[in-house]
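Residues 479 to 988 (the working numbering) make up the sequence shown, in order.
I should point out that these hints are in silico values taken from the structure, not numbers from a laboratory. We put the CB at the ideal spot given by N, CA and C, even for glycine. Possibly wrong hints are sitting among the right ones.
To be verified - Per label pair, the in silico range of CB-to-CB distance: (1) Gln831 with Arg945: 37 to 45 Å; (2) Val521 with Val500: 30 to 38 Å; (3) Gly535 with Asn874: 18 to 26 Å; (4) Ala869 with Arg710: 35 to 43 Å.
Unchecked claim - Capping the alpha-carbon separation at 20 Å, the derived lysine to any residue pairs in SDA-like fashion look like this: (5) Lys933 with Glu876; (6) Lys933 with Asn912; (7) Lys933 with Arg969; (8) Lys878 with Glu916; (9) Lys878 with Glu923.
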Amino acid sequence: MTAAIDLSPHLRAARRALLYLVVGLGQGLTYLLVIGGGLVVGVVLVPLWVGLPILAGTARLTWRLAEGERRQANRLLETHLPPVEPVRGRGVRAQLGNRIFWRAAGMLLLKLPVALVGLAIAGLPVVLAIAMAGLGVSGLAGDDGRLVGPWSLGPALGIALCLLALPAAIVSIAALEGVGAALRSLVRRLLRSRVAEGGPVREMLAERLGDRSLNIAYWLPEREIFVDDAGRPVTLPDPGSGRAWTAVDRGGVRLAAIVHDAELDATPELVTAAASAAALAIDNERLKAELRARVEELRVSRLRIVEAADDARRRIERDLHDGAQQQLVSLALDLRMLKARLSDSGLSTTVDQIGEKLAIALAELREFARGIHPAFLSERGVGAAVDALVARAPLNVEAKVDLHERLPAPVEAAAYFVIAEGLTNVVRYAETRNAWVEVRREGGEVVVVVADDGKGGAISEGGTGLRGLIERLAVLDGRLDVTSPPGQGTRLEAHIPCEPGSLVSEAARK
479 MTAAIDLSPH LRAARRALLY LVVGLGQGLT YLLVIGGGLV VGVVLVPLWV
529 GLPILAGTAR LTWRLAEGER RQANRLLETH LPPVEPVRGR GVRAQLGNRI
579 FWRAAGMLLL KLPVALVGLA IAGLPVVLAI AMAGLGVSGL AGDDGRLVGP
629 WSLGPALGIA LCLLALPAAI VSIAALEGVG AALRSLVRRL LRSRVAEGGP
679 VREMLAERLG DRSLNIAYWL PEREIFVDDA GRPVTLPDPG SGRAWTAVDR
729 GGVRLAAIVH DAELDATPEL VTAAASAAAL AIDNERLKAE LRARVEELRV
779 SRLRIVEAAD DARRRIERDL HDGAQQQLVS LALDLRMLKA RLSDSGLSTT
829 VDQIGEKLAI ALAELREFAR GIHPAFLSER GVGAAVDALV ARAPLNVEAK
879 VDLHERLPAP VEAAAYFVIA EGLTNVVRYA ETRNAWVEVR REGGEVVVVV
929 ADDGKGGAIS EGGTGLRGLI ERLAVLDGRL DVTSPPGQGT RLEAHIPCEP
979 GSLVSEAARK
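Using the sequences and the accompanying hints, generate a full structural model.
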């Protein structure tokens, strides 16, 4: 017996691809007008200060529309993409400089031309099949007398056209399936917000299950949490989020959870079978993830030690300000009142000398308190701290701080001490009166630059100050680059990560 060919999956895929293309005509035109127009108008109006708000609004709308496009593609093209993750906590420049943003915007802007090309490729065989079937039915119904090319329409020609309509329909289905596959590949390339990372086990499961967004969360029984392959804690998806997870057990012991597209829940036996087959390999990967988690925990502990030290500095600074400094100020006022009551000029001179020494002691105590931890850094941020450092420095300092929001406290402290140490070194060793300070956001980092045009020749291993900065930055996963060729000045450039998901942000959240 000849097995019947089930065309229903092919018909369903072709119908969904056709629906995606037809709907894409209206959506694509809207995307071009709204997103394309917003970007163009925003760029043109940037010099008038109106452009930045327009660009910011267009960027936010782009992320929302891209998420809607992802859901539609998952439903009609079975792309199995995870939710689009916007770049959060950054300015407009960082948004527009992000490749993930431009891939999402590109998907929206290409929707109309892609729909037109897809309909042109797949539409011809569809129209041809429909026309053949319609004429064939007319011929069979006895609609004689009409000419189809050089032939007169009749029952015989109607039968021939109906027979030819079948292969034309098959070609139409194949063409739509091919267009759907091409669309699926394009959408996956442009709307994947991040490529899932992992070892060969993840790659094997992703390929076997047809879900490139698949991830593995490893269970750590001692800490009772799931972590990713880098040892970072992860949260399993909630129902209704578009993502699902399947437990991986071995010998009755929980090993991991496979996080996948929710549509795979329609074939749970396939996911379970793949998980069981890979259980041993997943257990090996789990041990590696556990080791990385311990290393990550150690790094976070180091950061907390630095934060605790900074908190202690702040408390000492407050105690000095509220205690010893206030007592000295009160004593200075008492001396002035005493001098006003004295008639003996000799005693008045003595009181003046005591007052001068007291003023010197008070100034030194204030400078010492600022060195421990400046209050204005905690209260007003890096910009105010830089202004205070520049005002006190006996140098011609050109400072530029390009920050639009407060930073995590460890990042602000690190940036401040880089600038303070840099300016101190310029005063002590550079033999120049000119210095430059810059603080800016650059992607997911804060970049701090202190430069001078002095004699150069500084080395990072030479002094305890620079070594201390390097160690402080290392705790934050940052680095300090020292460029100091002899006779050409010195440049300190610190890079401090502070984007969401970085060590600083995670520790601050905890």
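Checked hints:
A hinted range of 37 to 45 Å holds for the C-beta pair Gln831 and Arg945, which are about 42 Å apart. At about 32 Å, the beta-carbon gap between Val521 and Val500 stays in the expected band of 30 to 38 Å. Distance hint check: the CB atoms of Gly535 and Asn874 are about 41 Å apart, inconsistent with the given range 18 to 26 Å. The hint said 35 to 43 Å for the Cβ distance between Ala869 and Arg710, and at roughly 42 Å that hint holds.
Taken as a hint, the Lys933 and Glu876 pair is honoured in the structure, with Cα atoms around 19 Å apart against an allowance of 20 Å. Straight-line distance between C-alpha atoms of Lys933 and Asn912 comes to about 12 Å, which keeps the hinted pair within the 20 Å bound. The straight-line distance between the Cα atoms of Lys933 and Arg969 is roughly 11 Å, inside the 20 Å bound, and the hint therefore holds. Distance hint between Lys878 and Glu916 is fulfilled; the C-alpha atoms sit about 5 Å from each other, no more than 20 Å.
At roughly 17 Å between alpha-carbon atoms, Lys878 and Glu923 fall within 20 Å of each other, so this suggested pair holds.
Hint compliance for this structure: hint 3 is the single one not met.
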